[in-house]
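Trainee: As a plain string of letters, each chain reads:
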Amino acid sequence: MTTVLEIRDVSKTYPGSPPVTALCSVNVSVRAAELAAVVGSSGSGKTTLLHVAGTLERPSSGSVKVSGQEVSEFSDLELSGVRAHRLGFVFQAFHLIDHLDAVQNVALGLAYRGMPARDRRAAAAQALDRVGLSRRLRHRPPQMSGGERQRVAIARAVVGRPAVVLADEPTGNLDSAASAEIIALLAGLAADGTAVVVVTHDQVVAAAMDRRIVMRDGRVVTDTGGPA
Amino acid sequence: MSRLKPRLRAGDVLLGGLLGLRARKVRAGLSALGIALGIAAGVAVLGISASSKANLLAQLGAESNLITVSAGQGLDGTPASLPLTAESMIAQIPPVESVTAIGYVPGATVLRTAAVPAIDSGGISVLAAQPGLLSTLGASLARGEFLSAATVRYPAVVLGAVAAQTLGIDRVPPGTQVYLDGRYFTVIGILRPVPIAPEIDEAALVGFPVAGSLLGLGGHPTELYLRAIPEQVQPVVSVLSFTANPAEPEAVQVSRPSSILAARAAARSAYTGLFLGLGAVAVLVGGVGIANIMVISVLERRAEIGLRRSLGAARRHVGTQFLTESVMLSALGGILGVLLGAAATAGYAIASQEPAVLPGAAVAAGFGVALGAGALAGVYPAVRAARLAPAEALRSS
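As they're listed, the protein sequences go chains U and Y. Here the first sequence stands for residues 1 to 228, where the numbers follow the working numbering. Here the second sequence stands for residues 1 to 397, where the numbers follow the working numbering.
Don't read these hints as lab results, they were simulated from the structure. Only a predicted model underlies this, so the values are computations on that prediction, with no experimental measurement involved. By construction, the Cβ of each residue, glycine as well, lies at the ideal position given by its N, Cα and C atoms. Accuracy of the hints is not assured; some may be wrong.
Stated by the list, open to error - For the chain Y half of the interface with chain U, some residues (derived, Cβ under 7 Å), not all of them:
(1) Arg-3
(2) Asp-12
(3) Ala-23
(4) Leu-311
(5) Arg-315
(6) Arg-387
(7) Pro-390
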């Protein structure tokens, strides 16, 4: 399988007194169709790793390749293009826009690819069908349960067929039944060929993943499926 | 592999701004109101002054061929006399359509009754007039009738609008009398105001024959009103002095009342600048209000900004979104303001029976100023939103 995300010797230090080192020489490669968990206690650097991998933050040093493309020297516009075309995000707080319905929320990101509105709506409806919400297309987030909202967010992450989906504590606000549904959905995405990286401190979630990357103090201390 | 760039369609920029405002309707409406009031003030001032001007121009257009000829003032400040021949000589100038004479009766007072002391005459002057005065001045009667060939010989009087008010006479039942220069005259009519010749408003008009027989006026006119063919006004003006008084042309004053009205119009428009300034201050305050609301909006929507950045929005897209919302807010205010201003103009025009005129330039300027204010107000919030680091924005949920 091809490598879709490659993090080489990445460090991230936040300036201040004293400076805070969130990542220290981290190496992680993720292949297509892989389902990986990044685990660790809070402050271990797992969310920073996700942000750096997702081009939302620039590393202090090291290289990040998305779909084989080195992005360290990219401009803000080019990084945004990488996110629009290659990456999908799922957040603990869902980050849905309350006054937009499910279709509009899912279609939101496709606007930044210059896709016409009609095509966006069709793709969004299809993605919502894929996460089992074909009967909730016109519902707004406040009218849905937590599990349904997170499914809308997953539909939004995959509607553009990204190479990698990055999920930050996707089950953090959900009960165990809804969590299980979300994990099953993410596993299904991986089975269809999308690389899925899930940041979690939930051992049950981590246990459901093929690969576990354990972080402590900004370093990867265990990786059950490191680069071959 | 080529570098991919995000792309946002212009239609989606507008739609995004619209959706953002729709989510906060009350707030959007209130912050647009500030701009709206300023624009409304500006548009209304321009509209009202244009309406007044149009009305005045209509008046001037009708009155531009009216010319007055007088002999100036004597040493005691009372109007001097023109030669007896002046009226008939002027009537022979071909472009002159009509001419009518009035004669100032010196020292005559008009009182309600003989019991009123002469000192309380209220400044009403007595003028001898001809039946043709009404048509030459384009004046009309509020009550009763004007002097006729018959009544000019008898002690009958027609009161100007102001004179009638001063005397407390508002209708003319048979037998209404005033005490004019020591005897009772019967009031036969009251004139409507004559804007082009305000001196008539403050006068009591009697016939030349009766002025000669009872009030001691020698028949000399003191002022002539004449109408010339509009295209020939200037040539007529140039020959009037000689025609009226060939012996002393330099003692004759020729003027066009329409030029006095024009000067009055110019004086009135001086207030326009003041009110436009007040409108500008209101727009400025409205703009600051919009900037304020937009800064708050950026703070409240940090999570949305982070989300949009994660979905592929570049800094410029986020900045454009907030700038668009700001301009849309002020455009809303501009539209509202223009409508309010137009309504105020229409209301004023109806109330003062003037034609309603809303200059296109005022509408365009009002809307343009609103858009400009919104764009300026939106710059700082837009820059703040664009500069927000995506990872930091996402953490603030």
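Trainee: Please check whether Asp-12(Y) passes as an interface residue: C-beta within 7 Å of a C-beta belonging to chain U.
Mentor: Since the shortest Cβ distance to chain U is 5 Å, the answer is holds.
Trainee: Answer holds if the nearest beta-carbon of chain U is closer than 7 Å to that of Ala-23(Y); otherwise answer violated.
Mentor: holds (4 Å)
Trainee: With a cut-off of 7 Å, does the beta carbon of Leu-311(Y) approach a beta carbon of chain U closely enough for the hint to hold?
Mentor: Hint on Leu-311(Y): holds, closest Cβ of chain U at ~3 Å, below 7 Å.
Trainee: Was the hint right that Pro-390(Y) lines chain U, CB cutoff 7 Å?
Mentor: holds (4 Å)
Trainee: Should the hint that Arg-3(Y) touches chain U count as held when the rule is a Cβ pair under 7 Å?
Mentor: Result: holds, 5 Å to nearest chain U Cβ.
Trainee: Answer holds if the nearest beta-carbon of chain U is closer than 7 Å to that of Arg-387(Y); otherwise answer violated.
Mentor: This interface hint is violated because 10 Å lies over the 7 Å limit.
Trainee: Double-check Arg-315(Y) for me: the hint is only fine if its C-beta lies closer than 7 Å to a C-beta in chain U.
Mentor: holds (5 Å)
Of the numbered hints stated above, the single one contradicted by the structure is hint 6.
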